[in-house]
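**Student:** Read off the chains here:
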Amino acid sequence: MLLMSGVSKTYRNGSVALKNIDLHIKPGEFVFIVGPSGAGKSTFIKMLFKEVLPTTGKIYVDGVDVLALTDKEVPFLRRQLGIIFQDYRLLPDRTVYDNVAFAMQVIESPAVKTRRRVMTVLELVGLKNRANAYPAELSGGEQQRIAIARAIVNDPIMVIADEPTGNLDPETSKDIMRIFTGINESGTTIVMATHDKEIVDAMGKRVIAIENGVIVRDDAKGVYGYESEH
Amino acid sequence: MSLSTKEYFVRETFKSIKRNQLMSLASVSTVALSLLVLGIFMVMVFNTNHVAKFLETQVQISVYMSDSASSETLKATEKTLKALPGVTSVKNITKDEALERFKDRLGSQSNLLDFMGDENPFPYSFEVHVDKPERISELAPKIDDLNGVETAKFGQEVVENIFRLTKIMRLGGILLVLLLAMATLFIIVNTIRITVFARRREVTIMKYVGATDWFIRWPFLLEGMFLGFTGALVATLVINQVYGAILNSVHATLAFFPLLPTWPLLLYIDLTLIVIGTAIGAAGSSISLRKFLKV
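Sequence order for the protein chains is A and B.
So in full-length UniProt numbering, spot 221 of the first sequence is number 221, and the numbers just go up one at a time.
So in full-length UniProt numbering, spot 185 of the second sequence is number 185, and the numbers just go up one at a time.
What the hints contain is simulated information worked out from the structure, not anything from laboratory work.
A portion of the hints provided could be inaccurate.
Here are the simulated BS3-like pairs of lysine-lysine, each with C-alpha atoms no more than 25 Å apart in a straight line [as the list claims (entries may be wrong)]:
| id | chain 1 | residue 1 | chain 2 | residue 2 |
| --- | --- | --- | --- | --- |
| 1 | B | Lys-142 | A | Lys-72 |
| 2 | A | Lys-113 | B | Lys-82 |
| 3 | A | Lys-174 | A | Lys-58 |
Here are some of the chain B residues that sit facing chain A, going by a computed Cβ distance under 10 Å [claimed, not checked]:
| id | residue |
| --- | --- |
| 4 | Leu-3 |
| 5 | Met-206 |
| 6 | Gly-210 |
| 7 | Thr-272 |
Residues from chain B that keep clear of chain A, each with C-beta distances beyond 12 Å, as calculated [said to hold, decoys possible]:
| id | residue |
| --- | --- |
| 8 | Ser-4 |
| 9 | Glu-12 |
| 10 | Lys-15 |
| 11 | His-50 |
| 12 | Ser-70 |
| 13 | Pro-85 |
| 14 | Lys-103 |
| 15 | Pro-141 |
| 16 | Asn-147 |
| 17 | Phe-197 |
| 18 | Ala-211 |
| 19 | Asp-213 |
| 20 | Leu-293 |
This one's a predicted model, so the numbers in the text were calculated from it and none came from an experiment.
Here a beta-carbon is modelled for each residue, glycine too, at the ideal position from N, C-alpha and C.
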């Protein structure tokens, strides 16, 4: 599903974000990326959907050489990925339904298919009854559920989440993780960068720890391994 | 592109214009003003060209023969003149005709000529018309050298001044068009930039969920084109009304003044302004979007 070989990234200001990363993530895996702030987790995540380019190395997503993609081809890679951020990144002037449907509209999905699929994913994340509400009327957890619904509405092969529970309380975080587990169980690969010790320790999934741009640990059923920052 | 996508683009375009009503109004006004100046200048350039062409056709070489020239010489000269390259017509003006013309010009004061008695001081002459005014300065000296010719005259200064004026007008016109186009472009770029900036979050999300650059670009492009088009439309309406009014008043007072009629002049100008306005709108949008599409 994801293959990284000799990936390094040095930013223009000279700071080294990643050093010689070799990594293989199989289809259907649930992988946590952990590490202290500034370890290179965000750079790692952004490389998966070609927002950041590595200085050296190769990245393959589902067999596709990401670096060989032209600017015109990048949108088609992103359509196969569901991307989730800590700050939800919702459109405040659109309803829950429209925020999710938006992801299908931009890939020019037929209206009937969009309607059916959006209602299905809203049901999956437990927001079917709030379809006509606006994000500001919802709690943080509910807003993150909209973002998850938007990320999975196009049936991605891999969901990439950058600190999805970073703004949520422990109970809400657990609810969110239940949704992620459900998505993973349906066969979707999940790569999640997180600082949430409780969640990582409770899930018992593969944990890759990055420190100073280097993978220092890669355990099949790992733990967070740092002091909790929450 | 599916129908629902097209609907989406149009909906987004008008939503954005509505959201930035004031800025949109400012853009339309500025585009209208710039294109109005451009349109007025175009009307002036076209009409100057027209007047210049009209005056050019009026230019002729007057060939005055010496009194000593025999009728054979006059015939031979006429033949030679007709054979010159570019000469379209040669008209004979006899001494009597020249006198008559002068009398006509004097009108009621023609009795001033009575003191001359039977004497006619006017020479025999030819009026030579040519196909292109540029030929005149080249032909005149040749004619001047012909046997029996006293002098060959033409309105050299008038011709040269007309040429100079039309050249300046054309060059100035191009420069002005470029300057105004740049100013209009700048205004549209800034308007759309504000719109894009207000919607940068949306643009970023679109990029993350896999929208192509063209999908993102279309609503903004349509918005720019709509603003440019509307501005141009306002400018053409004003120009059409004002030029029609000017034409009417000129016809009423200076009927002989050779102004171009509204048709097809205004059609050309209207089309040009609308194409320029719309194109500048589209270009402005593309320029302001470039930075935001790099996600």
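**Student:** So, for every hint listed, does it hold in this structure?
**Tutor:** Each hint, compared with the structure:
no.	hint	result
1	B:Lys-142 to A:Lys-72	violated, 69 Å
2	A:Lys-113 to B:Lys-82	violated, 84 Å
3	A:Lys-174 to A:Lys-58	violated, 35 Å
4	Leu-3	holds, 9 Å
5	Met-206	holds, 5 Å
6	Gly-210	holds, 3 Å
7	Thr-272	violated, 34 Å
8	Ser-4	violated, 5 Å
9	Glu-12	violated, 10 Å
10	Lys-15	violated, 9 Å
11	His-50	holds, 50 Å
12	Ser-70	holds, 87 Å
13	Pro-85	holds, 61 Å
14	Lys-103	holds, 84 Å
15	Pro-141	holds, 67 Å
16	Asn-147	holds, 79 Å
17	Phe-197	holds, 15 Å
18	Ala-211	violated, 4 Å
19	Asp-213	violated, 7 Å
20	Leu-293	violated, 9 Å
Hints 1, 2, 3, 7, 8, 9, 10, 18, 19, 20, counting from the list given before, are not met by this structure.
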